[in-house]
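J.: Below are the chains, spelled out letter by letter.
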Amino acid sequence: MLILSRKSGESIVVDGRIHVKIVRVEGDVVKVGISAPPDVPVHRLEIYEEIQRSNQEALANQGQPLPRLAPRKKPEQAGQTKHPVAGPPAGT
Amino acid sequence: MKCMNPIEEELAPPVACDVKLPMGLLGFEQMKEYLLVSNPVEEPFRWLRVKDNPALAFVVIEPFVAFPEYHPDIPQADVEFLGLASPEDASVYTIVTVHAGRRATINLKGPIVINRNTGLGKQVIIANAATYSVQHPLPDAEVAA
Chain G
1 MLILSRKSGE SIVVDGRIHV KIVRVEGDVV KVGISAPPDV PVHRLEIYEE
51 IQRSNQEALA NQGQPLPRLA PRKKPEQAGQ TKHPVAGPPA GT
Chain S
1001 MKCMNPIEEE LAPPVACDVK LPMGLLGFEQ MKEYLLVSNP VEEPFRWLRV
1051 KDNPALAFVV IEPFVAFPEY HPDIPQADVE FLGLASPEDA SVYTIVTVHA
1101 GRRATINLKG PIVINRNTGL GKQVIIANAA TYSVQHPLPD AEVAA
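Sequence lines, in order, name chains G and S.
If you're matching positions, the first sequence starts at 1 in my numbering and goes up one per residue.
If you're matching positions, the second sequence starts at 1001 in my numbering and goes up one per residue.
Derived from the structure by calculation, the hints contain no laboratory data.
A couple of the hints might just be wrong.
Residues of chain S placed beyond 10 Å of chain G at every Cβ, according to the derived structure [said to hold, decoys possible]:
| hint | residue |
| --- | --- |
| 1 | P1014 |
| 2 | L1035 |
| 3 | V1037 |
Keeping only pairs whose Cα atoms sit at most 25 Å apart, straight-line, the calculated SDA-like set for lysine to any residue is [unchecked claim]:
| hint | chain 1 | residue 1 | chain 2 | residue 2 |
| --- | --- | --- | --- | --- |
| 4 | S | K1032 | G | R44 |
| 5 | S | K1032 | G | A36 |
| 6 | S | K1002 | S | P1040 |
| 7 | S | K1032 | S | A1012 |
| 8 | S | K1051 | G | A60 |
| 9 | S | K1032 | S | E1080 |
| 10 | S | K1051 | G | A36 |
| 11 | S | K1032 | G | Q56 |
| 12 | S | K1020 | G | K7 |
| 13 | G | K21 | S | A1077 |
| 14 | S | K1032 | S | P1014 |
| 15 | S | K1032 | G | E50 |
| 16 | G | K31 | S | P1040 |
| 17 | S | K1051 | G | D39 |
| 18 | S | K1020 | G | K31 |
| 19 | S | K1020 | G | E57 |
| 20 | S | K1032 | G | E57 |
| 21 | G | K7 | G | V42 |
| 22 | S | K1051 | G | L66 |
| 23 | S | K1051 | G | R53 |
| 24 | S | K1032 | G | P41 |
| 25 | S | K1032 | G | Y48 |
| 26 | G | K31 | G | I47 |
| 27 | G | K31 | S | L1035 |
Since the model is a prediction, treat every value here as computed from it, not as a measurement.
Glycine is no exception: its CB is placed at the ideal position from the N, C-alpha and C atoms.
Looking at chain G on its own, in the form it has when it is part of the complex (with noise of 0.2 Å):
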């Protein structure tokens, strides 16, 4: 692993295409600035790590049989279709 000291303000850039930017330390907490083309994903890592593992297992369980989902008790849901659209907004 290649390891580089900067300061605060500093930079380093990957591939021409990536830049990282220590924008502010403050005690053992490091902010960092990346900016990335959007065919560059950017994720924490733990994050990344808990959904791909989360995807694996739900591929290794896919044999299961699928579950039954009570109905909603709402009244005002009981004549709903089988088909519900997506609800809330997805973007904002």
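Given the coordinates of chain G, work out where chain S should sit on it, guided by the hints.
T.: Below, chain S without anything else, positioned relative to chain G:
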């Protein structure tokens, strides 16, 4: 998105829609072409099948069906990547994990967002991921014995 009925049946056949995930799913980055299969008898669950390997499939569900309070905050970069002009353009699915012991959970941190006009999709790590679990229990779910 482009959809077709793969099987000639008289009564409510399954419908398969093309879904392209150019970045794959996390951990499955190399698989980019999927079919979203809806079978009326399996609603509200659907299958996200790898197009050239039907043995590989994920169970998905629109999270709002099971969890109306879910409010995923899709990062602006993802909105642009998916070409979403308005919230109505987006279909949101969450991957279902069926566990042993008659239990099922959904991943609310990393929903699959699909532009319903183009079939372009992505597994998005939502900006408010810290609020939600990758193993949110599916309420009232009971796995058939």
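J.: For every hint, state whether the structure bears it out.
T.: Hints and how they fare:
1. P1014: About 13 Å separates P1014 of chain S from the closest Cβ of chain G, which puts it past 10 Å; holds.
2. L1035: L1035 of chain S clear of chain G: closest Cβ-Cβ about 15 Å, beyond 10 Å.
3. V1037: Per Cβ check, V1037 of chain S is outside 10 Å of chain G; nearest 12 Å; holds.
4. S:K1032 to G:R44: Answer holds: K1032 of chain S to R44 of chain G is near 22 Å, not above 25 Å.
5. S:K1032 to G:A36: holds, 21 Å
6. S:K1002 to S:P1040: holds, 18 Å
7. S:K1032 to S:A1012: violated, 28 Å
8. S:K1051 to G:A60: holds, 18 Å
9. S:K1032 to S:E1080: Between K1032 of chain S and E1080 of chain S the Cα gap is close to 19 Å, so the pair holds against 25 Å.
10. S:K1051 to G:A36: Not OK: K1051 of chain S and A36 of chain G at ~30 Å, beyond 25 Å, violated.
11. S:K1032 to G:Q56: holds, 16 Å
12. S:K1020 to G:K7: Not OK: K1020 of chain S and K7 of chain G at ~42 Å, beyond 25 Å, violated.
13. G:K21 to S:A1077: holds, 19 Å
14. S:K1032 to S:P1014: This hinted pair holds, its Cα atoms lying about 22 Å apart.
15. S:K1032 to G:E50: Cα-Cα ~20 Å, so holds.
16. G:K31 to S:P1040: Since the Cα atoms of K31 of chain G and P1040 of chain S sit roughly 49 Å apart, the hinted pair is violated (cutoff 25 Å).
17. S:K1051 to G:D39: Holds - the C-alpha atoms of D39 of chain G and K1051 of chain S are around 22 Å apart, at most 25 Å.
18. S:K1020 to G:K31: Violated, at roughly 34 Å.
19. S:K1020 to G:E57: holds, 22 Å
20. S:K1032 to G:E57: holds, 19 Å
21. G:K7 to G:V42: holds, 22 Å
22. S:K1051 to G:L66: The given pair, whose Cα atoms are some 21 Å apart, holds under the 25 Å limit.
23. S:K1051 to G:R53: Distance of about 22 Å is within 25 Å: holds.
24. S:K1032 to G:P41: Judged against 25 Å, a Cα distance of about 15 Å means the pair holds.
25. S:K1032 to G:Y48: Since the Cα atoms of K1032 of chain S and Y48 of chain G sit roughly 18 Å apart, the hinted pair holds (cutoff 25 Å).
26. G:K31 to G:I47: Holds, at roughly 17 Å.
27. G:K31 to S:L1035: violated, 40 Å
Hint compliance for this structure: hints 7, 10, 12, 16, 18 and 27 are broken, all remaining hints hold.
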